[in-house]
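J.: Listed below are the residues making up each chain.
Number of protein chains: 2
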Amino acid sequence: MNYYSTQITNLIEELRRLPGIGTKSAERLAFHIINMPKEHVNHLAETLIEARSKIRYCKECCTLTDDELCPICASKVRDHSTIMVVESTKDLAAYEKTGQYDGVYHVLQGTLVPSLGKGPDDIRYRELEKRIQDPDHPVREIILATNSSLDGEATAMYITKKLKPTGIRITRIASGVPIGGELEYIDEVTLSRALIRRIEL
Amino acid sequence: MNYYSTQITNLIEELRRLPGIGTKSAERLAFHIINMPKEHVNHLAETLIEARSKIRYCKECCTLTDDELCPICASKVRDHSTIMVVESTKDLAAYEKTGQYDGVYHVLQGTLVPSLGKGPDDIRYRELEKRIQDPDHPVREIILATNSSLDGEATAMYITKKLKPTGIRITRIASGVPIGGELEYIDEVTLSRALIRRIEL
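From first to last, the protein sequence lines stand for chains P and G.
Under the working numbering, think of the first position of the first sequence as 7, with each following residue one higher.
Under the working numbering, think of the first position of the second sequence as 7, with each following residue one higher.
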């Protein structure tokens, strides 16, 4: 790419390494950045560094946050006796956006991947075990909201098996046909599962 | 978006301001960045700042570059008597990628926009005028490669009218049906122009 100068080429190359950014997008972004006021570029660069350096895991739920406790774990209005187990902070955010859940979360930061030998110690599972043993914060229900993928299901099954003996209620979010989804575009596994789990009306 | 911590929210907001980056992409990018090794993030941030601060216009052709002369204007193997006039550094790169052009460029950094009163002094047109008057570097041909848009055509017409009296050969890149393009998906203006400019076989 010697038709661009070194700096532009470097910038395009750096941007192209980011997920979902191809050559065309990287070029468009690079020229946008070059034409931005200098202070804005500095601010963007600082935000990157700042976010990366200040981020840590919430000591309660293991989500990515910048304080010892994330805003949800620190909240007094949330129901701390209901824990929804999700795979990632993005999944937590997805449920928060619904505005329908007022419990707290536990973010596994991954799933078990039996095929790759990724076990419970490779994710934030032990933290969950420890958390439910805390006598000051009794847990009433654990809602398993890992993805409906092979690994997500395996993780849900593993947690169920391990925590069932504690007597805590363990539930799994429903899977089936998405609301508004057109049947002809939905994969067979989802369709079969929706059939098996059909409910009485 | 209070379900993310302040740092993550800031980062997502900053990324969302970039062109072509929506909320979903900004979130994906943000989480990718947070999970990158610290040194990589620092390097990305430095590249942004470096590119923005070192970029300037080539004193010959006005493209964006980091030296006084861009690599093409500094090259001794290029034909300096043929100048292709383009709107932007991205357009220059598009022609360089073809590998079919060995002349030099002049980058207008925009077009005339008659409807908004944007005239020849608002783009790098005067630099072109000055450039072709240099007795040490006689120019044999000017190829107008502005876009086939309304403003691009207006700019090409303006330059033709102004520079015709110099006696320099002035040409315009061909417009017509793109190679491999299917007629049914091509707009009427392109189709009519392709018809008008049809060639004998």
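Please note: incorrect hints may appear among the correct ones.
Straight-line alpha carbon distances no greater than 27 Å define the calculated DSSO-like cross-link-like pairs of lysine-lysine that follow [said to hold, decoys possible]: (1) G:Lys124 - P:Lys136; (2) G:Lys30 - G:Lys44; (3) P:Lys44 - G:Lys167; (4) G:Lys82 - G:Lys96; (5) P:Lys65 - G:Lys167; (6) P:Lys136 - P:Lys167; (7) P:Lys96 - G:Lys44; (8) G:Lys82 - P:Lys44; (9) P:Lys103 - G:Lys124; (10) P:Lys96 - P:Lys136; (11) G:Lys30 - P:Lys96; (12) G:Lys44 - P:Lys60.
In short, the hints are calculated from the structure, not lab data.
J.: Holds or violated: are the alpha carbons of Lys96 of chain P and Lys44 of chain G at most 27 Å from each other?
T.: 21 Å, holds
J.: For a C-alpha distance cap of 27 Å, please report whether Lys44 of chain G and Lys60 of chain P respect it.
T.: Holds, at about 11 Å.
J.: Are the Cα atoms of Lys30 of chain G and Lys96 of chain P separated by 27 Å or less?
T.: 10 Å, holds
J.: Quick one, are Lys65 of chain P and Lys167 of chain G close enough, alpha carbons at most 27 Å?
T.: 71 Å, violated
J.: CA of Lys82 of chain G to CA of Lys44 of chain P, is that 27 Å or under?
T.: Violated - the C-alpha atoms of Lys44 of chain P and Lys82 of chain G are around 34 Å apart, more than 27 Å.
J.: Check the hint pairing Lys44 of chain P with Lys167 of chain G against an upper bound of 27 Å on the C-alpha distance.
T.: Status violated; Cα separation ~38 Å.
J.: Lys136 of chain P and Lys167 of chain P were given as a pair; does the straight-line alpha-carbon distance stay at or below 27 Å?
T.: 16 Å, holds
J.: Taken at face value, is the distance from the CA of Lys136 of chain P to the CA of Lys96 of chain P at most 27 Å?
T.: 23 Å, holds
J.: Is the straight-line distance between the alpha-carbon of Lys124 of chain G and that of Lys136 of chain P 27 Å or less?
T.: 67 Å, violated
J.: Is the hinted pair Lys82 of chain G and Lys96 of chain G satisfied, with a Cα-Cα distance of at most 27 Å?
T.: 22 Å, holds
J.: Given the hint that Lys103 of chain P pairs with Lys124 of chain G, does the C-alpha gap stay at or below 27 Å?
T.: Answer violated: Lys103 of chain P to Lys124 of chain G is near 45 Å, above 27 Å.
J.: Decide if the proposed pair is consistent with the structure: Lys30 of chain G and Lys44 of chain G, CA atoms, cutoff 27 Å inclusive.
T.: Between Lys30 of chain G and Lys44 of chain G the Cα gap is close to 23 Å, so the pair holds against 27 Å.
Comparing the model with each numbered hint stated earlier shows that hints 1, 3, 5, 8, 9 do not hold.
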